[in-house]
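Engineer: Letter by letter, the chains look like this.
Number of protein chains: 4
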Amino acid sequence: MGKVLMKGNEVIAEAAVHAGCKYYFGYPITPQSELVAYMAKRLPEVGGLFLQAESEVAAINMVYGAASAGVRVMTSSSSPGVSLKQEGISYLVGAELPAVIINVMRGGPGLGSIQPSQSDYFQATKGGGHGDYQIPVFAPATLQEIVDLMQDAFDIADRYRTPVYILGDGMLGQMMEPVEFTERKAAELPPKDWATTGTRGDGGPKITNSLRLDPDDLEKHNNHLQEKYSKIKENEVRFENYLTEDADYIVVAYGTVSRIAKNAIKKAREKGIKVGMIRPISLWPFPEKPFYETRENVKAYLTVEMSAGQMVEDVRLAVNGYKPVHFYGRTGGMVPSQEDILAEIIKMAGGDQ
Amino acid sequence: MGKVLMKGNEVIAEAAVHAGCKYYFGYPITPQSELVAYMAKRLPEVGGLFLQAESEVAAINMVYGAASAGVRVMTSSSSPGVSLKQEGISYLVGAELPAVIINVMRGGPGLGSIQPSQSDYFQATKGGGHGDYQIPVFAPATLQEIVDLMQDAFDIADRYRTPVYILGDGMLGQMMEPVEFTERKAAELPPKDWATTGTRGDGGPKITNSLRLDPDDLEKHNNHLQEKYSKIKENEVRFENYLTEDADYIVVAYGTVSRIAKNAIKKAREKGIKVGMIRPISLWPFPEKPFYETRENVKAYLTVEMSAGQMVEDVRLAVNGYKPVHFYGRTGGMVPSQEDILAEIIKMAGGDQ
Amino acid sequence: MGKVLMKGNEVIAEAAVHAGCKYYFGYPITPQSELVAYMAKRLPEVGGLFLQAESEVAAINMVYGAASAGVRVMTSSSSPGVSLKQEGISYLVGAELPAVIINVMRGGPGLGSIQPSQSDYFQATKGGGHGDYQIPVFAPATLQEIVDLMQDAFDIADRYRTPVYILGDGMLGQMMEPVEFTERKAAELPPKDWATTGTRGDGGPKITNSLRLDPDDLEKHNNHLQEKYSKIKENEVRFENYLTEDADYIVVAYGTVSRIAKNAIKKAREKGIKVGMIRPISLWPFPEKPFYETRENVKAYLTVEMSAGQMVEDVRLAVNGYKPVHFYGRTGGMVPSQEDILAEIIKMAGGDQ
Amino acid sequence: MGKVLMKGNEVIAEAAVHAGCKYYFGYPITPQSELVAYMAKRLPEVGGLFLQAESEVAAINMVYGAASAGVRVMTSSSSPGVSLKQEGISYLVGAELPAVIINVMRGGPGLGSIQPSQSDYFQATKGGGHGDYQIPVFAPATLQEIVDLMQDAFDIADRYRTPVYILGDGMLGQMMEPVEFTERKAAELPPKDWATTGTRGDGGPKITNSLRLDPDDLEKHNNHLQEKYSKIKENEVRFENYLTEDADYIVVAYGTVSRIAKNAIKKAREKGIKVGMIRPISLWPFPEKPFYETRENVKAYLTVEMSAGQMVEDVRLAVNGYKPVHFYGRTGGMVPSQEDILAEIIKMAGGDQ
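Protein chains in written order, with the UniProt record's numbering: chain A, 1 to 353; chain B, 1 to 353; chain C, 1 to 353; chain D, 1 to 353.
Excised from the complex, chain A in its bound form:
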């Protein structure tokens, strides 16, 4: 099919369709409206269903229903809309239902702005909803990476029976880049014999439920979830190392910010500062290994986020006191510039080269 030039929000939608997603439930909110509009038009073409629900609360509960029926289903929103879905997301986890949830983050808190942000990192990685749970969270940095991660996201959702987040930001949603939708071999996935599609003589009625009134039973279920999380940590960590081999300093950034950071790193290298980057692609499970491998040798880390400082906590946990961890952030829809980041690198490197 070759490369096509598309807008980020449309790439998210088309990538989902390529990954076999046939059901979408959501409610429109800027800056991801093109995604919703694309799905409304596209899903009927592949025999699927688009439904704009009464509210975000309704939408996430429809996702629960569709996921229970064993189909590939997605919802999307932006920050305030995702907050409304927190109860439903916790229900998906409790009932072990696969689904993909897109958050095209905007500046907060509250209604905030409609400009790009990364300030929902904590909500996605630490459990915005209640209860002991984790959800795999992927943060693509380019439109092509969206295509590749989306297939993974649906596969991981099905393999581990879990919701999966794709975390983008307004910039990613609005930018245009050429992308290629390559067909890849379908993953080998366990049969969905738990789906509530009828008994067909294979045992009693199927139920998807998150209510476990007996605490002993619920703790067993939680232990089962923790074992699942261990397996995800083993198998599904994603990250990119960029010029880290000889690095004295390491920038940590994800999503679109990592692209700006790369340019700043190039400029810093031109000035003789040996700086590299660790780019977490999976935000949970957080890639600890590249930090374990570098924390002995580098002099300091600099986390750059479009937030007041959220991922930096995971960086500090991974570095565990070995070296200083600095932070630079912009909020409210403001995007760190190449110059900003370069200045922070220079400051970290102890002078104004």
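Treat the hints as calculated values from the structure; they're not laboratory data. Ideal Cβ positions, reconstructed from N, Cα and C, are used throughout, including at glycine. Don't take every hint at face value.
[Claimed, not checked] Ranges of calculated distance between the beta carbons of each label pair, as one might list FRET restraints:
1. B/E45 with A/T30: 43 to 49 Å
2. A/R269 with B/P324: 51 to 57 Å
3. B/A195 with D/S33: 37 to 43 Å
[What the hints assert, rightly or not] Derived lysine-lysine pairs resembling DSS-like cross-links, with alpha carbons at most 27 Å apart:
4. A/K323 with A/K274
5. A/K233 with B/K323
6. D/K299 with D/K274
7. B/K323 with A/K323
8. C/K185 with B/K41
9. B/K231 with B/K220
10. D/K323 with C/K289
11. B/K233 with B/K192
12. B/K323 with A/K289
Could you slot chains B, C and D onto chain A? The hints should help.
Structural biologist: Quick look at chains B, C and D alone, frame taken from chain A:
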């Protein structure tokens, strides 16, 4: 008035009334139903208003309205109900509105059980809703402490213009203890000249809003919030040190778990293990100082939670690699016993004394 | 207190306060927004409560709650908003709860226009909700009549334990006229010993409910309701006869249309046509008596409505074939002019005088 | 395909599928739950969509959306649930959208009972929602008649661009009878060139809307609706005459009550009373003609309903004073027995034969 024997959920309610709370909006959920019932009866007696809303989403937005009018207002729920309020909580933060939010935590995720839990620590302290925000979170361990913290909670809410969480668990809500409602001198608080109660010639119309479409404006607002958070970190940290002065080992626990831990510590001391406890009372801002003061000298820390491990991250961040941080947790409504904790202390101390 | 010049929507609100209404739940909609705004400001001054609910569905259910507690409570809306309340209104009837419901009618169907209309006559008088029920419906024609009928409405609601409609239209809501709020002796009303305000040793718990699963029980309840309706028909019919004694022709009109019709009648009398008017003030129970008394002697009736023809059915039922019943109506927010009505009178009188 | 033995609620569902209905939105309520369950299973088999919405309000608005897209869509409920849909039904009318709405009536008012009833006649025929509108209402008396009327209902909905009611009762929904689903020639229907399925170069964007702020415009629209209603009155009246040719007395009954009445009429004929029956099949437009044709010759009419007396008003309007119109009704889920009706016939005939 002397001491009266009361149930935890009722103490929360009466303490709020003593703190000047006259408005309550909520929706019932086990295990905090007695709180709702108490408020329904009590608030009209003090000229206040109780309203059971259509849903948790409606309730938190009514809290927004009442807080905008400058009155002391509270809502309460248990885990799934609190998840439904995440959007509204982020709106309260964005509009800088004072309110007190009670979460009597139950086992999760999803509907989970109705037994006690501490698994919403992350949601409360890291921002369950979207956007860069923090909310002061207090976790009382006794019914008397509820009374004292509630007055603080309402004062802090008003002083800093912020929602404040009180985090309890089902055990705390159901236990009975004698409590005393002492009158204390009213705190000196800034006038609520921002409240939307009419202009009265003091300038243009008052508006409470969290929408700031200009990212530059929103970033300024976020910087203002961060400055506020710095002040709260300076002034509002609460914790208890228990036998830490000579301790080789330190248990970290909050809420009802800390009471069980205390007994385990006594037993361990009888066995010659010099163990103490740091009990965070404010979960955010997290009390880092007692860790800074002990991390050089103690040999290890043990965090005990009714969760799969949440506060332990803040402990590890405060200890910052100086010493090992162990974890012991029960989930789903299961409560760690004194024997369990003692066994963990002995294990940490390197043997079976 | 003397006469004051006020707007219709405000008169409705103030009249309700004078009638002892202390609770209001609603959701704003044009053309009755001034009513909502007035209540928001006024009720706290008399120790009452105003609450803007999440939706019309929520509002009518809050009315159910307040009415259950035995207080005087009101809601108001305009046509589409009243449709949303139909389930709740049927619940009020089933549980025999007193409340006053204002409908300031606008043009329909659907969202329609925001101009005046009388097209919800059927909804109000025939049971817009499900089940066999009737609700007393009053239609004032002047602002002073609102004041007088409002006191009756609350008294009738309490006396018979029933919701009561006040039906206005956009014109009535927007017009200004001098009104006087005279104090009148409180009606003797039965005690509200059914209210769910606690048992106080006077028997078991009080419950307000509309569920009666045993059909025999439900039929008994329906028979009880029908007996109540018979009493209301006996005692609460309201109408005005205008120049009917010598009339050859009779115009039937209610609300603001009756005021225009009066002028047309004066003009017709000047032309020598002996025409009078029956003005139903209670739309249910419909005033049949003035028709029984005139149908032998008059030659024809002309019903004029701001609708496609609704009250005309009740006129035809009352006339019962004795004489022709003509109809003239305007819809969609268009108001019949004096000239229009005069032309219809002349046509009915058989020529062009 | 031959005759199959099925339950009434399932027949409604299967008949809709046979009539080309592919979309269903609803919310379950007794006594029509089998209908919902059947649709959930059946629609996916024909490439259609079943969706259980968040509430009845959500469901009817989804019907609006699907109807706008030009597909055949249905919703169903029982009395309280239908009341919740009144706003949405008025919107369908205003926007001239075709849809079929099933009401399997239960005893009311309020939650009432779950036993059969006919007490929503007024709601269906007089406009339960606001605004000047009428909806074709069909009331089948046998399961085979459901099959036949359903095809008509969808055709009429499309031909006139209007919602159409099918009014059943709990008895009809629960009874089992053999039915045959015969294929019949598709009706010639106008193309849905108004559907919002894209412009395709045939003019500007398509919009379905019920808001017409200009009253002159709205009145024109209402006149257009009234013309449509005239055509429906001309073409779509349905009724059955049973032994009316020589009748001295006529029973009027619809739906399941008419079946019991038929047996009572046979018994009365055995006793020498010449009694027949008019069975309205379309409740709106109400069949006036059989009354015009009989009111000169018969001695009296007896309307029998499972209500406190609703259709009897339309009977009285059609008889227009020519002859007495008696009424016998049971309410709350109680069903008139053959003996009851026979006794009423004998009473009407002036003695106890």
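Engineer: Between A/K323 and A/K274, is the straight-line Cα distance small enough, at 27 Å or below?
Structural biologist: holds, 16 Å
Engineer: Do the alpha carbons of A/K233 and B/K323 lie within 27 Å of each other, as the hint requires?
Structural biologist: holds, 24 Å
Engineer: Between B/K231 and B/K220, does the CA-CA distance stay at or below 27 Å?
Structural biologist: The hint holds at about 17 Å.
Engineer: Do the beta carbons of A/R269 and B/P324 sit within 51 to 57 Å of each other?
Structural biologist: violated, 38 Å
Engineer: Given the hint that D/K299 pairs with D/K274, does the C-alpha gap stay at or below 27 Å?
Structural biologist: holds, 10 Å
Engineer: Below or equal to 27 Å on CA atoms is what counts here, so check B/K323 against A/K323.
Structural biologist: With Cα atoms ~15 Å apart, B/K323 and A/K323 stay inside 27 Å; holds.
Engineer: Is it true that the CA of C/K185 sits at most 27 Å from the CA of B/K41?
Structural biologist: violated, 32 Å
Engineer: Taking the CB of B/A195 and the CB of D/S33, does the distance hold inside 37 to 43 Å?
Structural biologist: violated, 50 Å
Engineer: Does the structure keep B/K233 and B/K192 at a Cα separation of 27 Å or less?
Structural biologist: Satisfied, since the Cα-Cα distance of roughly 23 Å is no more than 27 Å.
Engineer: Holds or violated: are the alpha carbons of B/K323 and A/K289 at most 27 Å from each other?
Structural biologist: holds, 20 Å
Engineer: Is it true that the CA of D/K323 sits at most 27 Å from the CA of C/K289?
Structural biologist: Roughly 20 Å between the alpha carbons, so the hint for D/K323 and C/K289 holds.
Engineer: Between B/E45 and A/T30, is the Cβ distance one that fits in 43 to 49 Å?
Structural biologist: holds, 46 Å
Hint check: violations occur at hints 2, 3 and 8; the rest are consistent with the structure.
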